[in-house]
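Given the coordinates of chain A, work out where chain B should sit on it, guided by the hints.
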Amino acid sequence: MSKQVLIDLLTRLSQDPNAVQEYTQDPQGMLAGQDLTEEEKQLLLGGKAPEIEKYLGHASIGMPALTVSTGMTRDGGSGDRGE
Amino acid sequence: MKPGSLLVVGTGYLIAGQVTPQAEAAMRQADKLFYSVGSALTKIWIEGLNASAESLHDTYGVDKERSLSYQEMAERILAAVRTGLKVCVALYGHPGVFAQPGHAAIRRARAEGYAARMLPGISAADCLYADLGVDPGAQGCQSFEATDFLIRRRLFDPTSALILWQIGAIGVVALPSAPCNREGLALLCEVLDAHYPADHEVVVYEASGLPIHPPAIVRTPLAGLLAADVSWASTLYVPPLANRPADPGVLDRLEL
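Sequence order for the protein chains is A and B. The numbering of the first sequence is numbering that gives the first Met the number 0, which starts it at 0 and goes up by one. The numbering of the second sequence is numbering that gives the first Met the number 0, which starts it at 0 and goes up by one.
Chain A on its own, in the form it takes in the complex:
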């Protein structure tokens, strides 16, 4: 249940730049009003996405590149095979 509170908070902050500003000015104050565990508050204050993702039970994915230069090798490899 608590993990969902964490997810909901991050989602709300992603959608509300004024809330982010409020958080930036007084993170402790904003977190004090949330139904979060002390561990979750510390994770948020640390601000490291991989650690938050690990806590939520998901390994950090990392940006999966979605493009590659065509004709990158002399034999035309890595060419337009995505086409």
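If you are wondering where the hints come from, they were derived from the structure by calculation, not from laboratory data. Values in this document were obtained by computation on a predicted structure and should not be read as measured data. Heads up, some of the hints might be wrong.
[As the list claims (entries may be wrong)] Covered by chain A, according to a simulated footprint, are these stretches of chain B (three or more residues, beta-carbon under 8 angstroms):
| no. | region |
| --- | --- |
| 1 | 11 to 23 |
| 2 | 32 to 46 |
| 3 | 133 to 140 |
Backbone N, C-alpha and C define an ideal beta-carbon position, used for all residues, glycine too.
For chain B alone, kept in the frame of chain A given last:
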């Protein structure tokens, strides 16, 4: 038109903050939702939107050329469209900017007689313009994938802004084995050195994926780029040199 359709949408970079209402509706209403995103938090959000959500991440493999992964993504998407489903594909950023699988799937779907469309999203370039406070219209802006920029010796104008993508993955065809291929970056530095002074400030940029975390913005003179903190997801912004003077002849013809 055959039954079965395809919508390709973008999720931007923040968990749920840079997705358009159009894109979110498409994701919610799809019979089958595929996705490829860079954040586990976004993954959690997407899986909460639609129970059919399925990651395409398993198409990547160590030592496997990414172009093969993109081909497999397109094939998996098309297989679902062919069954008559309303399919949505959500890709991080803008789904068609430096992103091959969405374009490929749309072309194939249309060729096979299915309705297929891409919806615009927020790309890393859009985040960069906002976070760095630069206007691509001020002196123009050129944009290249870094490996492509080097191997084809792309012609560019240093008096316009230059954006180079994937500078940490120059010459890397599979998944990266290191955060940055320094040999490729060294080659890029050599090319840029020929066009800009060594003290020209450049910016290594990475959009933020977490609302409570600022974007990564590292400013360095060009001479310091090789030693800068560069990752697989880094983008290089090279500000323009002093603007060119206006051509009097053209001004005359335009009566300016």
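Checklist entry - Taking 8 angstroms as the C-beta cutoff, is the stated coverage of the region 32 to 46 of chain B by chain A satisfied by three or more residues? => result holds (count 9)
Item to check | Coverage of the region 133 to 140 of chain B by chain A, judged on three or more residues with CB within 8 angstroms | outcome: violated (count 0)
Next on the checklist: Under 8 angstroms between beta-carbons, do enough residues of the region 11 to 23 of chain B, three at least, approach chain A for the coverage claim to hold?
Outcome noted: With 5 residues closer than 8 angstroms to chain A, the region 11 to 23 of chain B meets the three-residue bar; holds.
Violated hint for the displayed structure: number 3, the only one.
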